[in-house]
Amino acid sequence: MYNEEERKPLVIVEGLKKYYPLRGSTIGKNKPVTHAVDGVDFEIFEGETLGIVGESGCGKSTIGRQIVALEKPTSGRVLYQGESISDMSSGRLRKIRTQLQMVFQDSTSSLNPRKQVYDILAAPMLYHGIIEKDKLDEEINRLLDLVGLPKSMKHRYPHEFSGGQRQRIGIAKALSVKPRLIVCDEPVSALDVSVQAQILNLLKQLQNELKLTYVFIAHGLGAVRYVSNRIAIMYLGRIVEIANTQELFDDPIHPYTQALFDASPLPAPKLRGRQRIVLKGEIPSSVNPPKGCRFHTRCPYAIESCRIDDPELIPIKPGSDHKAACPVILAQREA
Amino acid sequence: MQPLLKVEDLTIAFVEDNTRTYVVDKVNFSVKPGEVLSIVGESGCGKSVTALSILGLLSPNAHVTNGSIIFEGKDLLNMNEKEIDRIRGSEVTMVFQDVMNSLNPVLTIGNQLTETIRIHKGYDRKKAEEYAIEMIKKVGLPDAKAVMKKYPHMLSGGMQQRVMIAMALACEPKLIIADEPTTALDVTIQLQIMKLLVELQKEFHMSIILITHDIGLVAELADRVIIMYAGQFMEEASVYRLFDHPAHPYTRALLESVPCIYDDPNKILASIPGTVPENYQDIEGCRFYGRCSYAVPACKEAQIYSEFQEGHLVRCHRAEKGEIPFV
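For the record, the sequence lines run as chains A and B. Position 173, counted from 1, in the first sequence is what my numbering calls 173; the numbers after and before it change by one each time, with no gaps. Position 124, counted from 1, in the second sequence is what my numbering calls 124; the numbers after and before it change by one each time, with no gaps.
Possibly wrong hints are sitting among the right ones.
Under the rule of at most 27 Å between Cα atoms (straight-line distance), these lysine-lysine pairs were calculated in the BS3-like manner [unchecked claim]:
1. K202/B - K280/A
2. K211/A - K135/A
3. K31/A - K204/A
4. K133/A - K115/A
5. K202/B - K204/A
6. K138/B - K280/A
7. K137/B - K150/B
8. K211/A - K154/A
9. K32/B - K270/A
10. K72/A - K178/A
11. K145/B - K126/B
12. K202/B - K145/B
13. K280/A - K145/B
14. K126/B - K280/A
15. K280/A - K195/B
16. K300/B - K270/A
17. K149/B - K127/B
18. K121/B - K149/B
19. K151/A - K115/A
20. K280/A - K137/B
21. K317/A - K8/A
22. K211/A - K267/B
23. K150/B - K31/A
24. K26/B - K74/B
25. K195/B - K150/B
26. K202/B - K270/A
27. K267/B - K270/A
28. K32/B - K280/A
Chain A side only, calculated, beta carbon under 7 Å to chain B, not exhaustive [claimed, not checked]:
29. L70
30. S162
31. R225
32. A259
33. L279
Don't read these hints as lab results, they were simulated from the structure. Values in this document were obtained by computation on a predicted structure and should not be read as measured data. For glycine and all other residues, C-beta sits at the position ideal for the given N, C-alpha and C.
For reference, chain B alone in the conformation it holds in the complex:
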């Protein structure tokens, strides 16, 4: 199957006073039609920057210095603003974590939704309004007509996130990029929104890139998972494979450090010593070296990201050779 999105050698740097800080280091991935791909990592690992670069939404001091982002055969990085505007918001849309700041506080929900629909679908006001009401119903909000007249602050966080999803879906996009879509929500509401996203994804046959640090959410939603650490991809596999046979020591440590409600009560939670290294762009060898309990001198050499089993990639010479004992 042709991938919907193909990202090659993507490198992103923050530029300040003529110094470049590379935060994303030559990442390669693709998204198939109808697939949920999750990019997982801790804060500052570069996952959000990667996502933002796809839609050209990087902050002015961040630059894509190398690579290509091919969406349906066209390189998004070579497009001018006008061309990218045609794709952004209709073919590819985004759902942000911070809903309060993504909705315009002085416009009603109806205004914002119909504007999006009119611009991207070319409907007239009346048709756009009918369509907007239909979308609001679709995301499970009761009394759609009343919701249209409300301002964002009159809705709860969960309802706002539903409106955001309605807006993202309004143009029937092929790809939704969801950056921590449920982090700000309470658990019971989180579950509602998660179920909604999965149902709509199936109905519209969309692909989703789910950016998150929440291991539980990944296990519930993703088809394929990429683990990111310090600007690099460390591991990539199908969700079942990754949770059953995590290969990279970082992935393992990450999975083991999540307290689960069904754990053995006497289990001692594994924690990863230390913190993410600063200036990780200058590290030649494995960037997890200082925190890894399986490190050997050879880890100080550059690590290759390789497919050691079909569909399972890892950046660790020891994992590749099966030298990391499975616990």
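So here's chain A without its partners, still in its complex pose:
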């Protein structure tokens, strides 16, 4: 279990940047690029769930892919147990990959439609040589049991399952190689509400049983709050605020965090008339992110200096774990 006092980092992300070249761009020196992730630093502590929240295109999934070394960062690095996986040899990386797994949003396209569940689950274990053939059957039964699927289903194909069941297979596949960290990239967004709750509860239960560390990437605030110990809020390639879940919801600092909370619809018609920040305008393109604070174009509190100075993510009080990148609000609070 995650314990705030005795925590130690499992993964450290340092100055991570990831740019993607734009397709069909002109040949020349200054090719336009998408600044998907543009300088983020954070830690993931052993046994915790770190939620990453943000709107589409903010770079949250890109971060997820760098953490499990599916891609190499443009600059910066990801340290897993003190070792950089961003410039590791492929042989060494192959050994470490079993410990860093991923569960995807789209369970339909992340499972091979021509393979039975049995083969889908067996393949990673055989490839990494973590099981003997004669124990395979037993292990697959155990995995299915773990994610709440009947053993009798192992000779079925992915299309014979419902969305929720397929997501369970995706989780079993990630678990098959005995990982320590699982990046869950929007694992419930494609599912119906009643099934979402099943999967969220399953993830929580597995974390307890298997001492897993999760990075939970999503845009639905309710779900992220439900599973996360800490939450990072992202906007246009940057983390704008990061804090312990309870503290973040009790005391959101960054105007974007506040607006995001306000925008999240509440299942309570009585609260319809509540005061809320309605952001104006659209999310700027990450090809040419705004200068200064990236949020200043939509921020209700923006002042002149926000257009010029790029704010740093700093503790809201000396020594605090709660960090925010908004000098304007922080100065207001001090006064």
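Could you slot chain B onto chain A? The hints should help.
For chain B alone, kept in the frame of chain A given last:
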């Protein structure tokens, strides 16, 4: 007050190789002028098919096998294509979830908007263009003249949805059917579009049928709510009544399974066991039976959809008698 739209005993089946699969089973509802009615349900429950049938937009293999759809006293199901064309797009319009596929990618926004206005309002080109610019301003897009010259791909998802709304509003319809209008959008943009829809609905005094699976959106927008499950209506009430006193076990489970940012942090999220039954048309009794924690043997008999309190309907014999404890 006379209802604007009255749907009676509507039954829809998909026909394939001479077998009929009934996806909507005798649903009855009405929409009053100026009202936002929300039909809520999970994927495959028949909510979108119900909505599409109103405008005669069902896919060729889907058929309305029974029932009537009365709009302002006329049965839309008995109209020929020409008559329905006069209503579709001017009196009743639709806003879809998938904006990218609902706008024509090779025509400018201006072209598409003015075409709609010219056909339905009979304006000449110049007048239609002026009117289109006015509509674009109305949905809160800056620099309307520039937007007119743009192609859909040059706009963001939120802007495209605004254009769709402008198009739906252009003929001052009496009823807008919005099928998951904000699902594809980010939360902060979602809120903008929601506010816009509510403002315009009041201004134009329109009715809206909001089709969605998003409980939060319903709580923010709807006046009245219908809960649909496996092709049937399970419950219907005013939005305040439904959220305060949900009667059907399915409605309750659905409301409890939504994680909310103001929940008690230690609360364990309720989930509904199992999945929606396949071939639910063959189930005689309650279609939620296998997943319901209040099920008793009598639930295997056909359930009647009845108004057990004024304006509050439920399809559950136990809820009707007040046998479902309120949590």
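Each hint tested on the structure:
no.: 1; hint: K202/B - K280/A; result: holds, 21 Å
no.: 2; hint: K211/A - K135/A; result: holds, 23 Å
no.: 3; hint: K31/A - K204/A; result: violated, 44 Å
no.: 4; hint: K133/A - K115/A; result: holds, 18 Å
no.: 5; hint: K202/B - K204/A; result: violated, 44 Å
no.: 6; hint: K138/B - K280/A; result: holds, 15 Å
no.: 7; hint: K137/B - K150/B; result: holds, 15 Å
no.: 8; hint: K211/A - K154/A; result: holds, 26 Å
no.: 9; hint: K32/B - K270/A; result: holds, 22 Å
no.: 10; hint: K72/A - K178/A; result: holds, 23 Å
no.: 11; hint: K145/B - K126/B; result: holds, 13 Å
no.: 12; hint: K202/B - K145/B; result: holds, 26 Å
no.: 13; hint: K280/A - K145/B; result: holds, 20 Å
no.: 14; hint: K126/B - K280/A; result: violated, 31 Å
no.: 15; hint: K280/A - K195/B; result: holds, 12 Å
no.: 16; hint: K300/B - K270/A; result: violated, 36 Å
no.: 17; hint: K149/B - K127/B; result: holds, 17 Å
no.: 18; hint: K121/B - K149/B; result: holds, 21 Å
no.: 19; hint: K151/A - K115/A; result: holds, 16 Å
no.: 20; hint: K280/A - K137/B; result: holds, 15 Å
no.: 21; hint: K317/A - K8/A; result: holds, 22 Å
no.: 22; hint: K211/A - K267/B; result: holds, 21 Å
no.: 23; hint: K150/B - K31/A; result: holds, 25 Å
no.: 24; hint: K26/B - K74/B; result: holds, 19 Å
no.: 25; hint: K195/B - K150/B; result: holds, 25 Å
no.: 26; hint: K202/B - K270/A; result: holds, 19 Å
no.: 27; hint: K267/B - K270/A; result: holds, 21 Å
no.: 28; hint: K32/B - K280/A; result: violated, 33 Å
no.: 29; hint: L70; result: violated, 24 Å
no.: 30; hint: S162; result: holds, 5 Å
no.: 31; hint: R225; result: holds, 5 Å
no.: 32; hint: A259; result: holds, 6 Å
no.: 33; hint: L279; result: holds, 5 Å
Of the numbered hints listed earlier, those contradicted by the structure are 3, 5, 14, 16, 28 and 29.
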